[in-house]
Amino acid sequence: MILTYGDRRPSIAPTAFIAAGVQIIGGVEIGDKASVLFNSVLRGDINDVRLGVCSNIQDNSTLHVADEWPCIVGDFVTVGHGVNLHGCRVEDEVVVGMGAIIMNGVVVGYQSIVGAGALIPPDTKIPPRSLVVGVPAKVVRQLPESEAAGNKYWAEKYVKVTRKYLGITP
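The letter at position 93 of the sequence shown is residue 93 when you use full-length UniProt numbering, and the numbering goes up by one with no holes.
Just so you know, not all the hints are guaranteed correct.
The list that follows gives simulated cross-link-like pairs (lysine-lysine, DSSO-like), each with its CA atoms no further than 30 angstroms apart [said to hold, decoys possible]: (1) Lys152 / Lys125; (2) Lys138 / Lys152; (3) Lys125 / Lys157; (4) Lys152 / Lys164; (5) Lys164 / Lys138; (6) Lys125 / Lys138.
If you are wondering where the hints come from, they were derived from the structure by calculation, not from laboratory data.
Sequences and hints are given; from them, build the entire structure.
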(Lines of atoms letter the chains of each structure in order from A; the text may use other names.)
(Lines give C-alpha, C1' and ligand atoms only; values in the text may rest on other atoms or scores of the structure.)
Protein backbone atom coordinates (compact mmCIF):
# COMPACT_ATOMS: atom_id res chain seq x y z
CA MET A 1 0.00 0.00 0.00
CA ILE A 2 1.30 3.43 -0.93
CA LEU A 3 -0.20 6.30 1.06
CA THR A 4 0.07 10.06 1.10
CA TYR A 5 0.33 11.58 4.58
CA GLY A 6 -0.94 15.16 4.54
CA ASP A 7 1.16 16.85 1.87
CA ARG A 8 3.92 14.21 2.10
CA ARG A 9 3.87 11.91 -0.93
CA PRO A 10 6.04 8.89 -1.72
CA SER A 11 8.39 9.09 -4.72
CA ILE A 12 9.33 5.70 -6.12
CA ALA A 13 11.72 5.22 -9.05
CA PRO A 14 10.10 3.32 -11.92
CA THR A 15 12.92 0.74 -11.76
CA ALA A 16 12.36 0.00 -8.04
CA PHE A 17 10.67 -3.20 -6.87
CA ILE A 18 7.99 -3.00 -4.18
CA ALA A 19 6.79 -6.43 -3.00
CA ALA A 20 3.34 -7.47 -1.82
CA GLY A 21 2.33 -6.35 1.65
CA VAL A 22 4.74 -3.40 1.76
CA GLN A 23 3.51 -0.15 3.34
CA ILE A 24 5.06 3.09 2.01
CA ILE A 25 3.71 6.15 3.75
CA GLY A 26 4.37 9.88 3.35
CA GLY A 27 7.75 11.43 2.58
CA VAL A 28 9.52 8.33 1.28
CA GLU A 29 11.93 8.42 -1.66
CA ILE A 30 13.03 5.13 -3.23
CA GLY A 31 15.95 5.15 -5.69
CA ASP A 32 16.63 3.37 -8.96
CA LYS A 33 16.78 -0.43 -8.79
CA ALA A 34 16.14 -0.36 -5.04
CA SER A 35 13.83 -2.96 -3.54
CA VAL A 36 11.52 -3.21 -0.56
CA LEU A 37 10.58 -6.80 0.15
CA PHE A 38 7.52 -8.44 1.62
CA ASN A 39 5.66 -6.85 4.55
CA SER A 40 8.17 -4.09 5.24
CA VAL A 41 7.08 -0.60 6.34
CA LEU A 42 8.70 2.70 5.30
CA ARG A 43 6.93 5.46 7.21
CA GLY A 44 7.83 9.05 6.36
CA ASP A 45 5.07 10.73 8.31
CA ILE A 46 6.94 13.30 10.43
CA ASN A 47 10.25 13.34 8.55
CA ASP A 48 11.79 11.82 5.41
CA VAL A 49 12.83 8.28 4.57
CA ARG A 50 15.28 7.84 1.68
CA LEU A 51 16.39 4.55 0.18
CA GLY A 52 19.36 4.82 -2.17
CA VAL A 53 20.15 3.34 -5.56
CA CYS A 54 20.41 -0.47 -5.68
CA SER A 55 19.70 -0.79 -1.95
CA ASN A 56 17.37 -3.43 -0.55
CA ILE A 57 15.13 -3.69 2.48
CA GLN A 58 14.34 -7.32 3.18
CA ASP A 59 11.15 -8.85 4.56
CA ASN A 60 9.44 -7.51 7.71
CA SER A 61 11.75 -4.53 8.24
CA THR A 62 10.66 -1.10 9.47
CA LEU A 63 12.14 2.30 8.59
CA HIS A 64 10.76 5.21 10.59
CA VAL A 65 11.80 8.71 11.63
CA ALA A 66 11.69 11.28 14.44
CA ASP A 67 11.01 15.01 14.36
CA GLU A 68 14.71 15.83 14.23
CA TRP A 69 16.01 12.69 12.49
CA PRO A 70 15.16 11.41 9.01
CA CYS A 71 15.99 7.83 8.06
CA ILE A 72 18.57 7.83 5.27
CA VAL A 73 19.84 4.63 3.64
CA GLY A 74 22.66 5.11 1.13
CA ASP A 75 23.42 3.35 -2.14
CA PHE A 76 24.18 -0.39 -2.42
CA VAL A 77 23.00 -1.11 1.14
CA THR A 78 21.57 -4.46 2.23
CA VAL A 79 19.15 -4.38 5.17
CA GLY A 80 18.38 -7.90 6.40
CA HIS A 81 15.06 -9.41 7.48
CA GLY A 82 13.29 -7.95 10.49
CA VAL A 83 15.52 -4.88 10.91
CA ASN A 84 14.37 -1.65 12.59
CA LEU A 85 16.00 1.56 11.36
CA HIS A 86 14.76 4.60 13.28
CA GLY A 87 15.92 8.14 12.58
CA CYS A 88 19.40 7.05 11.53
CA ARG A 89 21.79 7.30 8.58
CA VAL A 90 23.27 4.19 6.98
CA GLU A 91 26.00 5.14 4.53
CA ASP A 92 26.82 3.46 1.20
CA GLU A 93 27.72 -0.23 0.87
CA VAL A 94 26.71 -1.25 4.39
CA VAL A 95 25.23 -4.63 5.35
CA VAL A 96 22.79 -4.63 8.28
CA GLY A 97 22.21 -8.14 9.63
CA MET A 98 18.84 -9.69 10.42
CA GLY A 99 17.01 -8.38 13.45
CA ALA A 100 19.33 -5.43 14.08
CA ILE A 101 17.96 -2.25 15.67
CA ILE A 102 19.56 1.10 14.81
CA MET A 103 18.22 4.06 16.77
CA ASN A 104 17.86 7.86 16.44
CA GLY A 105 20.92 9.89 15.53
CA VAL A 106 23.10 6.89 14.66
CA VAL A 107 25.45 7.09 11.68
CA VAL A 108 26.75 3.78 10.32
CA GLY A 109 29.88 4.49 8.28
CA TYR A 110 30.69 3.45 4.71
CA GLN A 111 31.23 -0.28 4.08
CA SER A 112 30.48 -1.34 7.65
CA ILE A 113 28.75 -4.53 8.73
CA VAL A 114 26.18 -4.52 11.53
CA GLY A 115 25.82 -8.03 12.93
CA ALA A 116 22.51 -9.85 13.26
CA GLY A 117 20.59 -8.83 16.38
CA ALA A 118 22.83 -5.85 17.16
CA LEU A 119 21.33 -2.87 19.00
CA ILE A 120 23.04 0.44 18.21
CA PRO A 121 21.99 3.01 20.84
CA PRO A 122 21.04 6.62 20.02
CA ASP A 123 23.64 9.07 18.70
CA THR A 124 26.34 6.42 18.14
CA LYS A 125 28.77 7.13 15.29
CA ILE A 126 30.19 3.98 13.67
CA PRO A 127 33.42 4.60 11.74
CA PRO A 128 33.72 3.42 8.12
CA ARG A 129 34.61 -0.25 7.56
CA SER A 130 33.64 -1.37 11.05
CA LEU A 131 32.25 -4.71 12.19
CA VAL A 132 29.62 -3.92 14.86
CA VAL A 133 27.98 -6.59 17.03
CA GLY A 134 26.17 -7.06 20.32
CA VAL A 135 23.67 -5.47 22.68
CA PRO A 136 24.60 -2.72 23.07
CA ALA A 137 26.57 -2.86 19.84
CA LYS A 138 30.31 -2.29 19.87
CA VAL A 139 32.90 -2.07 17.11
CA VAL A 140 34.88 -5.30 17.40
CA ARG A 141 37.28 -4.70 14.52
CA GLN A 142 37.97 -2.71 11.39
CA LEU A 143 37.30 -4.45 8.08
CA PRO A 144 40.13 -4.68 5.57
CA GLU A 145 39.27 -3.11 2.23
CA SER A 146 39.12 -6.54 0.57
CA GLU A 147 36.45 -7.75 3.02
CA ALA A 148 34.44 -4.51 3.09
CA ALA A 149 34.31 -4.41 -0.72
CA GLY A 150 32.21 -7.60 -0.56
CA ASN A 151 29.28 -5.66 0.91
CA LYS A 152 28.41 -4.26 -2.51
CA TYR A 153 28.11 -7.83 -3.84
CA TRP A 154 25.00 -8.47 -1.71
CA ALA A 155 23.25 -5.34 -2.93
CA GLU A 156 24.04 -6.23 -6.54
CA LYS A 157 22.77 -9.77 -5.95
CA TYR A 158 19.44 -8.43 -4.68
CA VAL A 159 19.14 -6.21 -7.76
CA LYS A 160 19.36 -9.41 -9.84
CA VAL A 161 16.87 -11.24 -7.60
CA THR A 162 14.29 -8.46 -7.81
CA ARG A 163 14.74 -8.01 -11.56
CA LYS A 164 13.43 -11.59 -11.88
CA TYR A 165 10.33 -10.67 -9.85
CA LEU A 166 9.76 -7.93 -12.42
CA GLY A 167 10.28 -10.37 -15.29
CA ILE A 168 13.55 -8.69 -16.28
CA THR A 169 16.61 -10.84 -16.88
CA PRO A 170 19.76 -8.96 -15.84
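Right, here's what the structure says about each hint:
1. Of the supplied pair hints, the one linking Lys152 and Lys125 holds, its CA atoms being roughly 21 angstroms apart against a limit of 30 angstroms.
2. Taking the CA atoms of Lys138 and Lys152, the gap is near 23 angstroms; set against the 30 angstroms cutoff, the hint holds.
3. Distance check on the hinted pair: Lys125 and Lys157 sit about 28 angstroms apart at the alpha-carbon level, within 30 angstroms; holds.
4. Under the criterion of a C-alpha separation no larger than 30 angstroms, the hint pairing Lys152 with Lys164 is consistent with the structure, at around 19 angstroms.
5. At roughly 37 angstroms between alpha-carbon atoms, Lys164 and Lys138 are farther apart than 30 angstroms, so this suggested pair is violated.
6. Between Lys125 and Lys138 the CA atoms are separated by roughly 11 angstroms; this keeps the pair inside 30 angstroms, and the hint holds.
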